[in-house]
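Novice: Chains as they are written, first to last, in my numbering: chain D, 1 to 184; chain S, 1001 to 1096.
Bear in mind the hints are in silico, worked out from the structure with no lab data behind them. Ideal Cβ positions, reconstructed from N, Cα and C, are used throughout, including at glycine. Incorrect hints may have been included.
What the hints assert, rightly or not - Derived CB-CB ranges, DEER-like:
(1) D:SER33 - S:LEU1091: 47 to 57 Å
(2) D:GLY19 - S:GLY1065: 15 to 25 Å
(3) S:PHE1086 - D:ASP134: 22 to 32 Å
Stated by the list, open to error - From the structure, some residues in chain S lie toward chain D, with a derived Cβ separation under 10 Å:
(4) GLU1062
(5) ARG1063
(6) MET1064
(7) ILE1067
(8) TRP1095
As the list claims (entries may be wrong) - Far from chain S by the CB rule (all over 10 Å, computed), these chain D residues:
(9) LEU2
(10) ARG20
(11) THR34
(12) GLN46
(13) SER56
(14) LYS62
(15) PRO65
(16) LEU77
(17) GLN103
(18) ASP121
(19) GLY124
(20) LYS130
(21) LEU141
(22) LEU155
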Amino acid sequence: MLAAFLAWLVPGVGHLYQGRLGKAGLCFVCIMSTFLYGLYLGGNKQLGWGRVVYASWREGDKRLPYLCQIGMGLPALPALVQANRVRKGNPPLWNGFMAPPSQARGDFDRSGQPISHGGFDESGRVTINKLHYDMNRFFELGTVYTMIAGLLNILAVYDAWGGPVFIESGRKDEEEEEKAEDEE
Amino acid sequence: MKAAACRFEAPNSQHPTLNSQLSTLNIPMDNLLLAAVGNSDMWYALPLVIAVSLVYSATRHERMGPILGHALRIGVWIVGFMAMVFVVLLLISWWL
């Protein structure tokens, strides 16, 4: 159970705890690189990185992809911190990393000065419209990458919890290999 | 990769000038589709196919050899399935 929790917290750590080093490395590299590439696709220097991972349950912006992204564990948890801050009216941290965007019209610039179609709200938070307009299809691509990373980590968690799901013939082969190695 | 993918934009109703130029040149749509494969968003599927096939296979085997072999088979299966869906959508697009 602890291995499953560790596997959810950081991909591969559950397997590392069990001493399955090869699978730990494979899970960590595959899942983390997919997630990080998704964060890279879904952000830029101006708007902040990782804008595709955010927690929101507001009217008109129910962020269902986060239910898949939370499968990543710790790497997706800053979104909950940011969502909590924004709900309480505090400005988001880390240049808006994983922060929910504003739903305002966006008639301000980054510093809060009124400007038509500026893309930011009065407090300087980027709007959801600007995210989609500026990032275009990369917003969806980043969302898909991070969602798949989260779902893959659920598979890894299951593997850490219950061991590998053997295919019947494959199990026999691998058991025979292990017996042969033991005899040697 | 972001910048490279931005270069190709498929013709649509928002680019009437480009559409008229293509029809003037008499370029078949099939050739455009094939050309798009070389420089398009389809390449974004490749890292996903690799990651999904490796992690899925890792849940089926314990040793690295069988994992890699199974991942190769699953990867080919996924690409083949996507190719079949591509062909079906292409055929449907001809009839519509």
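Novice: State for each hint whether it applies.
Specialist: Hints, one by one, checked against the model:
{"no.": "1", "hint": "D:SER33 - S:LEU1091: 47 to 57 Å", "verdict": "violated (36 Å)"}
{"no.": "2", "hint": "D:GLY19 - S:GLY1065: 15 to 25 Å", "verdict": "holds (19 Å)"}
{"no.": "3", "hint": "S:PHE1086 - D:ASP134: 22 to 32 Å", "verdict": "holds (29 Å)"}
{"no.": "4", "hint": "GLU1062", "verdict": "holds (5 Å)"}
{"no.": "5", "hint": "ARG1063", "verdict": "holds (7 Å)"}
{"no.": "6", "hint": "MET1064", "verdict": "holds (5 Å)"}
{"no.": "7", "hint": "ILE1067", "verdict": "holds (7 Å)"}
{"no.": "8", "hint": "TRP1095", "verdict": "violated (27 Å)"}
{"no.": "9", "hint": "LEU2", "verdict": "holds (19 Å)"}
{"no.": "10", "hint": "ARG20", "verdict": "violated (8 Å)"}
{"no.": "11", "hint": "THR34", "verdict": "violated (5 Å)"}
{"no.": "12", "hint": "GLN46", "verdict": "holds (14 Å)"}
{"no.": "13", "hint": "SER56", "verdict": "holds (25 Å)"}
{"no.": "14", "hint": "LYS62", "verdict": "holds (25 Å)"}
{"no.": "15", "hint": "PRO65", "verdict": "holds (15 Å)"}
{"no.": "16", "hint": "LEU77", "verdict": "holds (21 Å)"}
{"no.": "17", "hint": "GLN103", "verdict": "holds (26 Å)"}
{"no.": "18", "hint": "ASP121", "verdict": "holds (26 Å)"}
{"no.": "19", "hint": "GLY124", "verdict": "holds (25 Å)"}
{"no.": "20", "hint": "LYS130", "verdict": "holds (18 Å)"}
{"no.": "21", "hint": "LEU141", "verdict": "violated (6 Å)"}
{"no.": "22", "hint": "LEU155", "verdict": "violated (5 Å)"}
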